[in-house]
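**Q** Below, each chain spelled out in residue letters.
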Amino acid sequence: MNLFNKVTDYETIKSNFFDGMTLLFGGFGGVGTPPGLIDCLIETGVKDVKLVGNDAGFPWIGIGKFICLERTVSLVASHIGSNPIAGDLMNQGKLKVEFSPQGILMERIRAGGVGLDGFLTQIGKGTKLAYDKPLIKIGDTEYLYEAPITGDVSIVYAKKADTFGNLTFDKTARNTNPFVAMASKVTIVEAEEIVPMGELNPEEIIVAGIYVKYIVPSKGYNWKWIWEMPDKQLRNEPPAK
Amino acid sequence: MNLFNKVTDYETIKSNFFDGMTLLFGGFGGVGTPPGLIDCLIETGVKDVKLVGNDAGFPWIGIGKFICLERTVSLVASHIGSNPIAGDLMNQGKLKVEFSPQGILMERIRAGGVGLDGFLTQIGKGTKLAYDKPLIKIGDTEYLYEAPITGDVSIVYAKKADTFGNLTFDKTARNTNPFVAMASKVTIVEAEEIVPMGELNPEEIIVAGIYVKYIVPSKGYNWKWIWEMPDKQLRNEPPAK
Amino acid sequence: MGDARQTIAKRAAREVKNGMIVNLGIGIPSLVPDFLDVSLDVFFMAENGILGMGPTPSTNVDGNLSNAAGYPVSILPGGSYFDSATAFGMIRRGCIDLSILGALQVSEQGDLANWIVPGKRVPGVGGAMELAYGAKNLIALMSHCEKDGRPKIVKECTLPITTYHCVKKIITEMAVFIIHNDGLILDEIMPGLSLADIKNHTEIDFTISPHLKTTA
Amino acid sequence: MGDARQTIAKRAAREVKNGMIVNLGIGIPSLVPDFLDVSLDVFFMAENGILGMGPTPSTNVDGNLSNAAGYPVSILPGGSYFDSATAFGMIRRGCIDLSILGALQVSEQGDLANWIVPGKRVPGVGGAMELAYGAKNLIALMSHCEKDGRPKIVKECTLPITTYHCVKKIITEMAVFIIHNDGLILDEIMPGLSLADIKNHTEIDFTISPHLKTTA
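Protein chains in written order, with the numbering used here: chain E, 1 to 241; chain X, 242 to 482; chain A, 483 to 698; chain G, 699 to 914.
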């Protein structure tokens, strides 16, 4: 099925990134964030990006590398604690941050990805994180309405992809990737390994290729993990180039 | 981890079924409905059961075997077309049937299983299937509110279970089972094969054992599928004993 | 109606194009694969939880590998299994290029009625509402009239509605209609029939496509 | 505070019982495994998507096998991987027997504040709200007072609330308090401290458990 071959290269996918786009990124503390696609995103020079993802990464890991460049206008995330530069940008008014409870954020992205029009929960009710979310009364109880999230582009890190875009993931690098992969108009996958259709066991496919538009081969992580850093002092700063 | 051994036998699990219980059953047209647990349910003699599942099975397949015994007060399902006896009982006023769009029903069960308080959709709006579901206005659009579904007991069919209750499924027999497994106080799994903890690849586990209370070994399907029936005339009647 | 069903399915098969993700309903739509160009790369999905369904196997039939109607199928290379909630996520999200559904009535606005004949037939709605909501293109297949001659293409559906404004095209054993914002457009006439035949058997008004042709 | 953190974690470890499913927050809770009875059968889960976490591996460290803080872990037999949405489904559904979280303030009603110090520290809420909502039991660990002596066990939280009425027990380096409908109950005093010490360092009123004991 050649028609279903979605494998391409980094240069080709650059045109999918545009100023002002809403970008959903997979990953959790940088684990499972596609390193090659982050660099590709940085190279395009796009700005005014609206980001949605679990967290702000670290300054030299994951989406953090991009956030530090001050080309992001807003971020929806559950925390930014591991990226002090993101906190500084927020406090300086250069980055608008909407905090969402982590699991609620995952469900908002899932709702977008599966075509539901939002959901109700009591989580966050009465707290600052309720923002101006509508309160919906069902029976005698009031619930927060959580809106679905969709993006223009999703970037995803997979263990294996076949040429149709069927995906498997690697251990806890799965994390937010499966639903991020479903929630944008254009989903781009960076895969550690690309295999022909029919090579993946159909029972083990976590995301069906139906959601994937482009696949690029990964060169692996190109950052040091925080636990690889020799000096705790260094952990809040990018490692020497 | 002996503490995590949930394997038991059919006699022992019978006490979990009770008159008036809400029972969620896995399966889609009988495929993936646990045959041994259906027989076990029938043997207990429980009545006034409130059923929730994709469909009414066939008169001799899946949940259909139980429905034909007239010990069910209500059924939430997406269709009952394959079980004319269910249709007759409904028309006679002996069985209350709430029809739900199929995917919406799946999501209602999922919402119950993952602890969300319902969701909004436009699917079914303005149709008879809206029943008296609340209409919620967000912005300029009205949506139907779909409530979560939870049960007292869920019965599930798995390919493999380890003794902790981690589950894998077999091809399209997966269908509704994963979320049915999450949505009740007590989840009972009938597994084709029971293996020690550590035998299943942690990447391939579809339902984590955290949701499972009991596991019983399956003796396999004990009914003929409709496509195995020799005579089309027979298809609406149970096969000869 | 045997021949009519074949006629409808054969014409509907021509709507299936290379590279499409397709969902087929029960009834006449299930006959569509019999008429497909085998050179096409197409993935059929089913609501129970499979993408990439292949033909019914001749040997090693497996009760746990079936379509949404419970009949045995196979799986193609690149196919996958998933749960039914995920299947409907794909459907609502717009991943299905083409949904071909059987119908009881279709209105000139594209309203679809196909889930219940009150007091008579109670199949239930199944996944039709989601398919009608989410599929990029929805084609309804049905006989042109009831056995007693009553119309099934109607101004307003008298049967309970499955989904409003969803059908884009109607294929019957007599004709192909396109449903447009302005109403019904006759686009094709089946071989051997005349425009007068269609008019005689269609109760409501329709316009005639400038490209009106005889179905090949 | 080094010793205090150890004292708190050691006492918290005794809350972990055989057969439990446990979630540990970042900070002091992450030290709890160091003090666990190794004979216990316990499954630790993390929000990123793992159940059955084992200790940090000494060799073959894998960046793609980590806890919610991003640090390497291993997986025990019977463990599984899943996506983060599924992880939070487990949490909201009440599958977690025990959640041990760090805290900035806890009120006598069990209100938890642990996600932001406005203008100073902005970590963000992470999964704390869901854990507080869904876990069967929630224990808050924190130093008894701020470095400047200001109380952290308070009548009303002055920091933004994470979740109201969720904390069941507070463990500090000085004492263990149970939060009851009627207010705070002092249940244990750490070795070497007196009731007067606790009273001197606790601003709000509390009752004294009839079973008051010194922490073993």
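If you are wondering where the hints come from, they were derived from the structure by calculation, not from laboratory data.
Each hint should be verified, as a subset may be incorrect.
[Said to hold, decoys possible] Chain E is nowhere near these chain A residues, computed Cβ spacing over 12 Å in every case:
1) Gly501
2) Ile532
3) Arg574
4) Arg575
5) Cys577
6) Lys602
7) Asn619
8) Pro633
9) Ala678
10) Glu685
11) Thr689
[What the hints assert, rightly or not] Simulated crosslink set (EDC-like; lysine to aspartate or glutamate; CA at most 20 Å straight-line):
12) X/Lys465 x A/Asp579
13) X/Lys378 x E/Glu142
14) X/Lys291 x X/Asp250
15) X/Lys400 x E/Glu203
16) X/Lys401 x E/Glu43
17) E/Lys213 x E/Asp88
18) E/Lys213 x A/Asp579
19) E/Lys133 x X/Glu339
20) G/Lys897 x G/Asp880
21) G/Lys818 x E/Asp117
22) X/Lys366 x A/Glu638
23) E/Lys224 x G/Glu844
24) E/Lys159 x G/Asp880
25) E/Lys125 x E/Asp88
26) G/Lys834 x G/Asp895
Just so we're clear, the structure is a prediction, and the values are computed from it rather than from any experiment.
Note that the Cβ used here is the ideal one computed from N, Cα and C, for glycine as well.
**Q** When the hints from earlier in the document are held up against this structure, which numbers fail?
**A** Violated: hints 1, 2, 3, 4, 5, 12, 14, 16, 17, 19, 21, 23, 24, 25, 26.
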